[in-house]
Structures are given as structure tokens and as C-alpha cells.
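Chemist: Just so you know, the sequences run in chain order A and B. Residue 56 in my numbering sits at position 56 of the first sequence, and the numbers go up by one each step. Residue 241 in my numbering sits at position 241 of the second sequence, and the numbers go up by one each step.
If you're looking for bench data, these hints aren't it; they were derived computationally from the structure. Any given hint could be a false lead.
[Claimed, not checked] Listed below are the simulated DSSO-like cross-link pairs for lysine-lysine, each with C-alpha atoms no more than 30 Å apart in a straight line:
#, chain 1, residue 1, chain 2, residue 2
1, B, K140, A, K116
2, B, K140, B, K172
3, A, K52, B, K172
4, B, K386, A, K96
As the structure is a prediction and not an experimental result, all values here were calculated from the model.
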Amino acid sequence: MTHLYRDDAPEEFSLTRRKLLVGSALVAGGVSLSPLDWAQSTGSAVQAGESKFMELSSLLINHHLDAEVGARMATAMMRINPTLIQDVDAILSIAKLRNARIVEEFYADVPAGHLKDTAYAIISAWYSGVIENSSNAEVFAFETALMYQPTRDVMTIPTYAISGPSGWTSEAPPMSDMPTF
Amino acid sequence: MANDFSADVIVVGTGVIGCIVAEQALDAGLSVLMLEAGPRVERWQIVENFRNVPPQYKQNWNAPYPPKPWAPHIESELADATTDYLQLEGPNARAYRQGYVRYAGGATWHWAGICWRLHPDDMQMKTLYGVGRDWAFDYKTLDPYYNRAEYALGVCGPSEVELQWPPLPRSKPYPMGRLPFGQGEQRFTEAAARVGVTNLPAPQARNSGVSYDGRPPCCGNNNCFPVCPISAKYDAASALPRIESKGGRIRENAVVYRVETDEKQNIAAVHYFNPDKQSQRVVGRIFVIACNAIETPKLLLMSKDERNPNGVANRSDQVGRNLMDQPKISAQLLLSEPMWTGIGPVQGSSIIMTGQGDFRSKHAGALLRCENAALSAAGGQAALAKGLVGKALDTEIRRLSACTARLTIEHEILSDPNNRLTLSDKKDWLGLSKPNIYYDVGDYVRRSHRDYTLPLLKKLIAELGAVESTIATTFTNSDHMMGSCIMGTDPGNSVVDVDCRSHDHPNLFLPGGAAMTTGGCGNSTITMAALAMKASDSIVEQLRRG
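Could you build all of it, start to finish, from the sequences and the hints given here?
Modeler: In C-alpha cells form, the structure reads like this:
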């Protein structure tokens, strides 16, 4: 990719680059299977992968999750971790053995190493809104990223005011009043 | 005399200073052409950029402002990127990594909006304490210009006399009353009182409870930097449409690279490159260079000619010297009880009385404050790093976000001719010299840090009930660039006169932070804006005289 006006400045945070990256990430995510595999794969197979990703996400995280965000993250995570779907299957099997409904009921049984890393990568993605630590990483969610929700009764999610003109005070609710999300 | 390449007043730079001078000149019936090196963008673009910055990088205020190649600025806090434009050296090079943006509207896009005036004593450092320099005039002279600047920007502040700073009767009330505190600033205020210092509500260029100047009241988006999404905070970008409605012309992506003098040492023209690297010449009667205390001296030094072999306006050899800021020390605390920052604006108060005292003959004064930015992203990432899941994760995020506090010390610094901007051998995309900056905060600041501010900070940390604290050991930048075209009455050791007019060129004005003789420990913008008002009066008067 060449830039007409850029030959020395770093490209991180460049809007132009960001737009292109978003586009290329979606394409690259889709073709993380080889081009031949992609040609042979079906839309329903991709949907099945996304569906399993959401099923596991719902077990790992006991909050409302946006399916559209999940589909985008699943596609992007497959690009980083080619065995994602198999990993998801394996973790789901562990949860089912326990008849687990919430993360606390099976997470300790997920073996340390690749599977546990995958499980936590999925949790981190939903909480932080990104799947990798890079200055030009794609942001899948900001105002709905889960790490902003446990404090949303008091702390502003920047640019999303929860108050009105001079409408805030020095009063705050108890720490034990966890918001529902 | 207005056409595409001429006007009565040519203003280089579209930040707060350029906009004040432009509007004052337009109101006096003069034609104005503004030249801006960077692009002009809509607010929503910056807001969307911010929202799409990954959480680990949201603290980099320049991240939503990708620079154009012809107008580079620091765009990242990554080490490899920050060395790219500003060439920094000296014992405290890190402390001059200034985060301004070269966009129409300038660095006010991501300023905090804080408007501390200088204290009268800040302007007499040599007389009172035997250090630094005295200003060429006193506080009383500056006071009416402060008032005008506060009304131009829309500054809210306390009406209670005991909460005002400096502690003098105001000659005019603030245009708006103060904003309320959230819990964090209230707790900090109470802790400060217990250790014997006063945390005052800051005067700030943010609309308080009411609309002002066509902008809405602050609703607590808690994002003053890197961008106020609703322009409740003054930024120069919001002044640009009004300037155009008054007939002012704004040309973005026009990188002025040369100031041309004539045989009488008047400024005849400025030359700029457009993004196609084509050069254009612009003529005028008065020229105002208002590009901040780094870009202004850089331009003057780049403009050397036969009559001015050290650069334009530089017969004194002081252009680029005396660089000042407020060397900053940051601390992060974990408290046993919730602090709850993140309600209201990102900054709203400070302990500033600590900038004054007889100790200033020995060491610097300083300002201390509690940052009020929401820390949910920091709390979230810290909790995730612990590998927690489920309810334990949510509970830990809430605890770490609510119980974390960030405190800041900003020290005053003396003007030192060795703290100097020169032209680097390295060139930017247009082939123009990059700025090279040598910076040493000096023993005056180091003594203050060791003997005065660090002990006080530790008292505050203890009083807040911290169970953990990390105090930075490196001075960092405050983005309050000052001093590099220093004001004075002696053309032999200063660059501009009392009206920010060049001693060497009668139709060249250099208002803003570069002209400031001292900086005190408060944010510099309202003093810069007051100087711009004073310079504007002089410009209008000079052109009336013909």
C-alpha cells in the first residue's frame, strides 16, 4: 500500500490506513482459510463457527452480548488463531460435561495452555473491545465493551455523557451496587 | 487590499491566538487571511477517530489527529514514532515531547480548557526572588486583557471571592459560574484541606450550565482531551466559522516556510507550500506568526536572509531560546475507598497556592491536581491482567476503576537561554528542517521536586488513604510551550516588545506562549490569549495610523 503524501511519518492512527485496515481485516478474516478452502466452504459453515463462538461466549460471560459484534470478532479471531473453532468445540465439551451455565462452573476445568488462552482471549475481547494489543488494532466495541459497564452508573464512558448541564454531584452509590448489563 | 494572496493582516496559524487576533482585526474592519499548515476537519471525524482508538492507546491525545505529511507533529507515544518529528536532546529531553497538533484549530482541540491567570508575583521573579526575569509590565496592565480573553473564550469560574485565583478582587466577574465537582475532586479537596492546602475550582473555558457564544453547556462527556464532542469547551475550531462569517479567509494545508523582509526590515511577504509542494507568496501590511512556541521560532530561524543572518526577528539571538513548559510528575494511587473520578470534565480543580512563597528564591513553585478522567478502561485492563472471570472480574473492574486516582505536579521553570530550539539537519516531507530541542529542567525545578513537591505529594497520597502508589521518576511534558520569542524592553536580550511586536521588524507580531517572560505553574493559555488581545489592539492602532 503506497501513500501519495507519506514517506517518513509513521502510519499508525492514520485515518486512511485505519479505513483500509478495517476493510482488509474483514477480507483477510474471511479468507484465513486458504483461497481454495474458501472456495469450497459454504456460508453456513462460517455461520456455524460464529454460532459456536457465541454459544461459548455466553457461557464465558454472564452478560448480554451483541451477536453482530460477536460475528465480527469471531471472524477476526480466526485470522489470529486458525484452530479457534476446534478450540471452541473443545471448551464447549468441557462446559457440557459439567452442565455449566455460567463461567464459574467450568472455567477451572479448562486446561492451562492453548485452550485456556483461547478462552481468556474471548473474554478479553468482549471486555476490552479489541482482540490484539496494537495501536492500529480494529476496535469492535467501545461504548458497549464490557469493561466500561461495571462502573457505568457513575463513571462516564468518554464522549457518552450520562449527565446533563452541570447535572453531576459528588454523591456516588455504594460499591456493592453493581449495574446490570 | 484583499485578494487570494493578500490582506491587511496575514495570520499564520489558526489556534486560539491566531483566531483571537483575526477576529479582533475583522471587528476593526481590516481584511484577514489565515494560513494553516494542517488540514481542517469536522468535529465528528475526530470523535469517531477517538472512539476507534484501541483502549491501550486512548491516553495518547494525538492519536485521533493523524498528521498530514506536510504538517508533521508527534502522533504517538510509541518510542519509535516520537523520535520522528521533534528531535529532542539534553538531560530532560522527554519533558519537551510536546503533544500539539497541526490542524486548523490548533492544540485547543485537545487542551483541558483550564484558564489560570498568572499571579502578580509571577511577573516579578527577578525583583522579588532574584531569579528569572521580570515582565515588561505588571499584572494591573494585563488585567483588562485577561478579562477580554475570558469573555472571548467563555471562561466559567467561582463567584465566591475566597475561591478565586489570584487572590485579588476581580475587576470583572467571570462570564459564567463554576462547574460542580464530582466525588473524586470533592474527596481530593477535603484531603488537601487536611494537609493544609486549598484545592480550588479551576477557571475553565467550558460552558457552565448555559450556552455561550453559540456553544452548548458542558454535559460531562469527560473527554475534554482529546476532543470535546459537543464543543462545550472552547476550541479554536469553533471560532473558524465565525471568522469566515465576518469575512476572514482561512487557507488550510498551507505550510509557511519563509518570512520575507524588505530593505527597510519590514516584512514584505510570507511564502507557503501547498500539498503539491508548489510555493505561493502572500503579501500584507501586518504579519502575525502564531504557530506555538516551537513552530514560530522554527519558521523565524528558517527565514534567515542577508539582512538577518541569524533568522528573522533574531538580532538578539534569543529566538528559539528560553523554552519553558511546566515539568510534570505523575503519580497513580490505589485507594482503600472509592475515589470515583470520571464525572464532569477531565480536569476541574487544582492546588495552586503552592506556586507562591518566599521559597521561590531557592526553588520552583508548583501546582498539584487530581485528574478527573474516567479510569474504567485502566481498571478494566488491570483486572483482565489478573486473569479473573465472571463476577470476580466485574467486581475487580469496579473496585480498580473507582479506587484508582491519578495526581499530577506541574512545576514552574526559569527561562534559560540554553533551553533552546535550533534547526535540525533532518528534514521533513517538504524538505524543511525539523526542530531540534535541548532541554534541561534545571536545579531550580529539581530542588523543588526533591524538597518541596514530592514531600507534599506523599502527604496527599497518605491522606487519601492509598494502599499502593507509583510516583513517576521522570519529568514529562505539560504541553504548555512558552518563552522562545521572549518579551522584554531591551532589544538586546528579548525578541518582542510589550505588544508582542518584533523589536527588529515593525510589522511583525509574535503573540502567544512564545512571548511569555515567565510561566508560573498554571496552564498558559489564558495569558497567551490576553497577550493576543493586547497585540491586536496594537495592530489595529498601527494600521489606523497608516
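Chemist: Keeping to a limit of 30 Å between CA atoms, is the pair of K52 (chain A) and K172 (chain B) held or broken?
Modeler: violated (66 Å)
Chemist: Are the Cα positions of K140 (chain B) and K116 (chain A) separated by 30 Å at most?
Modeler: Given pair K140 (chain B), K116 (chain A) is violated - Cα atoms ~68 Å apart, limit 30 Å.
Chemist: Sort out whether K172 (chain B) lies within 30 Å of K140 (chain B), counting only the CA atoms.
Modeler: With Cα atoms ~13 Å apart, K140 (chain B) and K172 (chain B) stay inside 30 Å; holds.
Chemist: Would the hint linking K386 (chain B) and K96 (chain A) be met if the CA-CA limit is 30 Å?
Modeler: Within the cut-off at roughly 26 Å; holds.
Going through the hint list in order, the structure does not satisfy hints 1 and 3.
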